[in-house]
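**Student:** Protein chains in written order, with my numbering: chain A, 1086 to 1723; chain B, 606 to 816.
None of these hints come from the bench; they were simulated from the model.
Hints may contain errors.
[Said to hold, decoys possible] Here are the computed distance ranges between Cβ atoms for each label pair:
#: 1; chain 1: B; residue 1: 682; chain 2: A; residue 2: 1474; range: 18 to 26 Å
#: 2; chain 1: B; residue 1: 724; chain 2: A; residue 2: 1591; range: 22 to 30 Å
#: 3; chain 1: B; residue 1: 810; chain 2: A; residue 2: 1426; range: 27 to 35 Å
#: 4; chain 1: B; residue 1: 795; chain 2: A; residue 2: 1591; range: 54 to 62 Å
#: 5; chain 1: A; residue 1: 1429; chain 2: B; residue 2: 746; range: 14 to 22 Å
#: 6; chain 1: A; residue 1: 1429; chain 2: B; residue 2: 804; range: 32 to 40 Å
#: 7; chain 1: B; residue 1: 791; chain 2: A; residue 2: 1581; range: 34 to 42 Å
#: 8; chain 1: B; residue 1: 809; chain 2: A; residue 2: 1591; range: 32 to 40 Å
#: 9; chain 1: B; residue 1: 808; chain 2: A; residue 2: 1715; range: 53 to 61 Å
#: 10; chain 1: A; residue 1: 1488; chain 2: B; residue 2: 652; range: 36 to 44 Å
[What the hints assert, rightly or not] Covered, in the sense of this in silico footprint (three residues per stretch, anywhere, with C-beta under 8 Å from a C-beta of chain A), are these stretches of chain B:
#: 11; stretch: 617-624
#: 12; stretch: 661-671
#: 13; stretch: 726-739
The C-beta atom is built at its ideal place from N, Cα and C for all residues, glycine as well.
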Amino acid sequence: MCQTENAADAEFCRLCHAKLPESPEVPEAEAGAGEAPAAVRGEMPDWLSRLRREVTGEAGPQESAPLSGAGDDLDWLGAMPQVAGEDPGPPPGEVPDWLGAGAPGGTSTDEAVAGGDVPEWLAKIRAKARGDGEGEPAPEGEAAAERTPPPTPVSLPEPEVVIPAEPEAPASLGLPDWLLSARPDEAPTVAPPSEPDRPSWLMGVTDDGSGELPRVRALVFDGEGAAPEPAPDIDLSSVSAQVPDWIGEGRPPELADRSDLAPATLPAWLEAMRPVDTFRSVIEIESAEDQAVESAGPLAGLRGVLLAEPVVAMPHAPTGKSARLDVNERQYAQAELLHRLIEEEQREVRPRPAAKARPSVLRWVVAAALLVAVGVPGILGIPAMDLPAFAPRDLAGLVGVVDTIPIDRPALVVFDYEAGATGEMEAVAGPFLSHLMERGVPIATLSTHAGGSVLAERLMALQGAGHTYVRGEDFVHLGYLPGGPAAVQLFAASPRQAVTSGFLEEETLTTIWDSPVLAGVTVLSDFTLMAVITSGSEDARVWIEQSEAFLGEAPLVTVVSAGAEPLVRPYYESTDPKVNGILSGLTSAVAYEQRLGEPGLAHSRWSSYGLGLLVVEVLVVLGAVGGITTGVVRSRRR
Amino acid sequence: MRGGLGLVWAAIAIAFGLIVLQGYFIDLEVLRGVRTMVLQWAVVLAAAALLLGVANLLAVHLSKIGAQEKGWPYSAVLVGALVVTLLVGLFFGEESPLVLSVFQYIQQPVESTLAGLLAISLTLGIVRLLSRRRDMRTYVFLMTVFIVLLGTGPWLIASNGGLHQLMGEARAWLSQVWAAGAARGLLLGVALGATATGLRILLGADRPYGD
């Protein structure tokens, strides 16, 4: 309740609307005699009753009668004083020092009041007890409540110095009416704790007499490694006397009196993490007057309810709080610059959208021009390009070699070119094979390429048609020789062991070497001639280098493409030539056919070849002019 | 253990190398037989390596097909062609007209087409050369190409004339002096490198077969 003065007949408080206690209809004199109605007496707490007895001198019974008339729900409250009343009070003169600080030496209450240690409100009560205010009207409820100090541990008067006084009107105590009216008639008297019953550890605890709220000193270090001073008002030595034996047994004896132990210290990093801002070293307990009144919920109207906010706001270790960096402007600017650099880099590596394929007109123009230049002469026969009037100088040497070789032994022709080079190689090798066939030289083919034997069959069939050359009688295929340079070395050293079965050989033959074409051939030098037809310089080099030592007197000639000529020619033009004849390119082939007088593939492709070269020359010139013009225009724009 | 095994491999390699090398200097029937046997082993191993290469090619493209990687349809075509050709060769024989037809009507035209595309690509590159890069080497390269082309093929008019013969001589000079000189340098470098490599292997300094 709010202690607002209400009318006597009011049933509810006009301010807080709390239900007011029923006021007794007895005269004030009767109330002052302690004959308050039981219902009212039952609401007075025992401590108030005891205080009243001490002030007024009313001697209560040692065993208080059970409260009656307070209702059934207050029976338990009436039973409590019975238990408390059984405790014998402290014997006179054995009040603790701290408790009797207001009356040192067991002096009288007057001395305590004179000493100024007694609070004002208590002084007034005592003064009223001495009769100062006897017969005076009770103070107003609100005023009395305002003068009521918070419950502080004060020096209670000793039992023996309490002066028994005549029953006094409640108004003389300075208490509100409702409180006085609630005083029980036979309130149990709770004797103050006697000195022997007080624990020994509490003997040294004394009140400092400052009148401040009780405080608990927090364990806060004053500095690095500085341990907090022990609380001066607690004698820890007396505590040990109350420690159970089982605790004392568990404590190491060497640590019992180790006052020289260094206090625990916090590391620097842990000290830095301590939440200083939210830490309160002293927690003050608010007085009942300062405590808020609950305004909502089932506890509405009650004062001193434990609030949830302080619990939530209690200092605690930071959980998800991130450390805040102390940066200056320069560091912040550098961090921003780094952030921008990273963003720029990520933007650079961002995949660009696939550029739309733009058709190259120039590519189509070049392709169309070349196709027309190569196709038109081959199909229409126009324009007919002039045949070379002069034969290459190398041709005479090759023709001379072929003309001088014996025809009783076969010639070994190696077909080492891929299918993609057949257009050039068949035209170049055609007159050479035709020349061999014209002379009637048996031919044995071999290849280190998987498809070389098929190409050899194709060209031999093409050239042999005009010279009645039959496979198995005039020429044979030794087939595919796998193994690269090692196989070439093996074949050069021992042909019969390197090749055991040929390509497209007759079924009547046990091995390819049983063919009449290869009769009498056991080593490489038994061949009358060795020719290498290849479009690559590497194949020509392998055959030249690996077989030269095993050829003996047999000549070695090469039929190569125009592109492979530069790398083969050194073997031909050296002082000790490893190659006895060379035939390269379509121009030499046409000249060879002219010399033989048998126009062949080279002649049929000569016009296409010539016109294609001219178109390429024109395109090169146009491209050069266009490139130079574009460069000049761009340089002028800049 | 590992070092000892490496020495064993090195000793075997050096021994076989010396056996093959002595065939160029010593003509003995016994050594010739040993050398031939070693070379036959090399040829067999090369054929086995070819089979391993085919198996590896098949595995790589099968993994591409299984993972649906970019261009996996091409891998599927390759695997299909390989399997079909292999089956045809195994059932009908490598010399059957069917296998020869596959080579004549599929492989040869395809490879010739690629060679023709190469000619078009080279021509296009020459045409664009001055648009992309203009320096002294580019001009020298273009002039060399132009002279060689003029001296190689026939002309529409005045072919076999004095100018054409002059261009023919210029082309021969470029190809047989400059190009052949460069080719000789390359061949000498290759020969020296092969000799040094062979000597290092014979001396055990290089062990390409593993330690």
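**Student:** Take the hints in turn and mark each one as holding or not.
**Tutor:** Taking the hints in turn, this is what the structure says about them:
no. : hint                       : verdict
1   : B:682 - A:1474: 18 to 26 Å : violated, 50 Å
2   : B:724 - A:1591: 22 to 30 Å : violated, 41 Å
3   : B:810 - A:1426: 27 to 35 Å : violated, 49 Å
4   : B:795 - A:1591: 54 to 62 Å : violated, 41 Å
5   : A:1429 - B:746: 14 to 22 Å : violated, 40 Å
6   : A:1429 - B:804: 32 to 40 Å : violated, 55 Å
7   : B:791 - A:1581: 34 to 42 Å : holds, 35 Å
8   : B:809 - A:1591: 32 to 40 Å : violated, 49 Å
9   : B:808 - A:1715: 53 to 61 Å : holds, 58 Å
10  : A:1488 - B:652: 36 to 44 Å : holds, 39 Å
11  : 617-624                    : violated (count 0)
12  : 661-671                    : violated (count 0)
13  : 726-739                    : holds (count 10)
When each numbered hint is compared with the structure, violations occur for hints 1, 2, 3, 4, 5, 6, 8, 11 and 12.
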